[in-house]
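Read top to bottom, the protein sequences are chains A and B. What the first sequence shows, in numbering that gives the first Met the number 0, is residues 0 to 486, in sequence order. What the second sequence shows, in numbering that gives the first Met the number 0, is residues 0 to 164, in sequence order.
Derived from the structure by calculation, the hints contain no laboratory data. You may find that some hints are simply not true.
[Said to hold, decoys possible] Computed Cβ-Cβ distance ranges for the label pairs, DEER-style: (1) Trp190(A) - Asp36(B): 20 to 30 Å; (2) Asp219(A) - Asp137(B): 49 to 59 Å; (3) Pro361(A) - Pro140(B): 35 to 45 Å.
[What the hints assert, rightly or not] So these bits of chain B aren't anywhere near chain A, every CB distance computed over 12 Å: (4) Glu38; (5) Leu42; (6) Gly44; (7) Ala46; (8) Tyr54; (9) Asp112; (10) Asp113; (11) Pro134; (12) Ala136; (13) Arg144.
[Said to hold, decoys possible] The list that follows gives simulated cross-link-like pairs (lysine to aspartate or glutamate, DMTMM-like), each with its CA atoms no further than 20 Å apart: (14) Lys142(A) - Asp23(B); (15) Lys142(A) - Asp148(B); (16) Lys148(A) - Asp23(B); (17) Lys161(A) - Asp32(B); (18) Lys282(A) - Asp310(A); (19) Lys161(A) - Asp148(B); (20) Lys134(A) - Asp23(B); (21) Lys151(B) - Glu49(B); (22) Lys431(A) - Asp23(B).
We put the beta carbon where it would ideally sit given N, CA and C, even for glycine.
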Amino acid sequence: MQRISIDPVTRLEGHGKIEIFLDDKGNVANSYFQIPELRGFERFVVGRPIEEMPLLTNRICGVCPEAHHMAASKAADAVYKVDPPRTAKMLRELLYMAFYCTDHTTHFYALGGPDFVMGPDAPVAERNILGVIHKVGLEIGGKVIQMRKYGHTVVEMLGGRKVHPCSSIPGGMTKGITEEQRKEIEEMGKWAVDFAQFSLKLFNDIVLGNKAYVDLILGDVYTHRTYSMGLVDENNKVNFYDGKVRVVDPNGGEFVKYAPNEYMNHIAEHVEPWTYLKFPYLKNVGWKGFEDGVDSGVYMATPLSRLNASDGMATPLAQEEHDKFYKTLGGKPVHQRLATHWARLIELLYAAERWVELVADPEITSPNVHAKPTEIPTEGIGIVEAPRGTLTHHYWTDERGVVTRANLIVGTTNNYAPIQMSTNKAARSLIKDGNVNEGLLNMVEMAFRAYDPCFGCATHSLPGQMPLEITIRDADGNPLEVVKQFC
Amino acid sequence: MKTIVVGLGNPILGDDGVGWKVADEVLKQLPPDSQVDVEYLSLGGLALMEHLIGYHRAILIDAFASEDEPGAILILKLGDLPNYSAFHTTSSHDTSLQNAVELGRSMGAQLPDDIEIIGIATRRVYDFGEELSRPVADAVPFAARIVIDLLKQVTKHKEEYQPQG
């Protein structure tokens, strides 16, 4: 059974755990990025009505409840074979764009940003959002807070609640928006576009203007040549809410493009004995281990992979940034994983532009926001692009619409194999002849932070931290050193 | 003087939902026209801080994964908690509440001077379920009583707790 981790959950330790084994010469023989806590959410939802899935599954994760709300809603549409009205789809996507702007902003300024803005070698006490704001100025901090506020406001207006929205139901939405609300959302969207452009300029000035950072991005330590996955529209442009899943090979050629209901033909899961989480891979390539290259079925599903898997962005300003991105980094596809931070900002701009585009559509205030399901429920699959990767919800129900079976492949799960590869490579590059550099934790953090993984976020536990523990062992398995970031 | 009581947790993860249950009890015991706001959230860090903007006092109720006897109640100030993020960037998707509050204040946001935390000890926060384990459930009325007492004890807030007129 597919198993996934659940957030929010109260916990004080024991999430990400890396075991590094040294050979007799003190070099890294192997390392394992383990996910020790797991839940069987698919079992929990069995016996509950399909209508509850958009509400229940958004409790899987305190970071991206909107993504689960959308994927479950789309799956519920499919279970009832009902096609929501165009306005309902646009309202869902509009809510989703506001969520994306909030999420990507938080990641850049609070999480990924400190590595670059403060520098990878900065004192650890300064590598956080406070350090960033102190360095770049309070005015920018105010913009970050404002962006988050606008995102929350739109999610509340469309979703019924600021977090864990409840308005998307099988067949559409529970409510529409008024012209007054539309104008308010449009103004906030225009501000979001300006903010996204400002953020890209900041990245350009601070990161791209610093040769050391560019060298770090382009260096081999954080590079893996895997397949790339992402949802695309009919023109092969990036789309977060709807479309087909496109996968390109490490050379950039289209490997497959599949509809959501075909996912089982293309994705399989590999099991390793040292972790609960499974490793999804491309079924028609096969599992060849934690290897780069065309012959290995390992793929990534991230902002970087979404750009790689597409032919471009569907909005004009984001398309310009897309072109600059690939021109600067040497063409498509890009495999340098730290470039994901740049790709995320291009997605931020796309989400903001799409927000304005949707809210300007004359049909957005139509009261026709729900199509009543009339078919007998059976089985359905919903796919969206969560900020952390392609999110698939698959439900089977009886004729009453009661869930009899569920399968969820969450964003981070897609990336487990590449994260394992990246952390392993960071460890190998740093530990030589038994000498463990104190910068190990920072380098490993940077390796997995680019993927924006979602298994370690104690979203509401007090005090709240990312508990990461690294145990370095000798060839016989005896612990030599334990590095923790939470004590 | 605005006061907010926040039940924190995930209502489908067993004892992790105890903050919500205590908030329920507090809400029941507040006078109908009390001006104390009660919220139910599954948030931390920046997002939790944003919900506290505009308030002068906040009481947070949450499960604590702890070696204490399940059901034990801890009463803390925000400053009593270690701020782990002083060492590294914190969670993979957020920052600590202490950092978030400091950030909010530096941005000029009105945030509570006084943030109190009621923790209920448990070792069972990974099991699915909408019910609490027995010792944690037994602690709910006591924790709610503590919150009510805290609201009453601060004289300057008393008028907000008591019925108007």
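Point to revise | Hint check, failures only | key: 3, 4, 5, 6, 7, 14, 15, 16, 17, 18, 19, 20, 21, 22
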